[in-house]
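Undergrad: Here's the letter readout for the chains.
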Amino acid sequence: MSVPADAEWERVLATWGPALVRLARAYTSTAADADDLMQEISFALWKALPGFRHDCAERTFVYRVAHNRASSWRRAHGRHQRDEVLDDQLVDPAPWADDQVHARVRADRLRHAVSRLPRSLQQVVVLRLEGLHDAEIGEIVGITEGNVAVRLTRARHMLRRQLGGDPT
Amino acid sequence: MMTKHTAIADADDEWLSLSDEWKALPVEVDVDALRRRIRAQSRRMRVMFAFEVLVTLGAVALLVGGARAADTWEAWLVIGGLTLFSVVTWSFNIRNRRGTWLAAAESLEAYQALEVVRRKRRLAAATFTRRLSLWGLVPLMALTIVRWRALQGSGSSLGVVVCLAAMAYLLCWAVVARRLERTL
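Those protein sequences? They're chains G and L, same order as listed.
Just so we're aligned: 148 in our numbering is position 148 of the first sequence, and the numbers increase by one with no gaps anywhere.
Just add 1000 to the spot in the second sequence (first one is 1) and you have our numbering.
No lab work stands behind these hints: they were computed from the structure.
In this text, all values refer to a predicted model and were calculated from it rather than measured experimentally.
We put the beta carbon where it would ideally sit given N, CA and C, even for glycine.
According to the in silico footprint, chain L covers these stretches of chain G (three or more CB under 8 Å from chain L): (1) 15-21; (2) 25-33; (3) 104-113; (4) 122-134; (5) 150-163.
Extracted from the complex, chain G is given alone in its bound form:
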């Protein structure tokens, strides 16, 4: 296996790190699991980067690797973890000003709502929330663009129902 320049790998992680952390947290139920998964994703990228031929956008490549690794991780660790409460990630609003508190509470509610979606919807929703287009999502998840649109519509209705009580 050829080893990529660590600098390139570090650049990719620096660029996409925050997004990958959010993705890892969406696929897991505790902060510790999310850290584990994030580490696996980082390493998977290190292994996969030498094979990147730039035949797609770097963003698509990074998310595809992350999505594949997160899916395998979830298969290995089971769905039951979804039922655990994310106590270690719940919001402690004390240190922030009001607007920051509201933003953080909304974000946390959204994360909970996303975590309660069926897996097939959750995958496309997380990618959409990260700003990817339908075609890119389809390429990453391995479904057609039309299928992505259908899933996103269904997911949006479910999210709206779950977030319906949001006073904002």
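Once you've looked at the hints, dock chain L against the given chain G.
TA: Coordinates of chain L only, in the frame set by chain G:
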């Protein structure tokens, strides 16, 4: 009446709004948890190292005993092969573990770097183990079984059974290492 374009625009706006909220999620790492995990890994590494030292000492004792009992070229071939194996394995282990015992500093970046280095080295160790088992040790064990009488000079088949068990163990190890290579 809402047109199709309006509906699509509304959906896009809704996703954009949700996306902004989503990206407001904090992405900091729990340094204490990471530190605890690093230390637990270090403890396991030390236990594993001690176990490997004991196994090597046991193998050396067996080699010395075997060298005293037999004086045929096959015996010296097997003993030489196992000695070579020990030297190669230890050379690899020492080199592969360099820089994995401690973080360079008590910082988040250093802990994360150490975790990744350890994972890289585990992958290297898995590849090394698989290749050495399949291309070095299993053939050596097979030779030992074939030439057992010449090695021992007696009719005992206990050594053959031990070698077969060792071969099975090594093959299992090779399979485990291969799986580890794929999952790491």
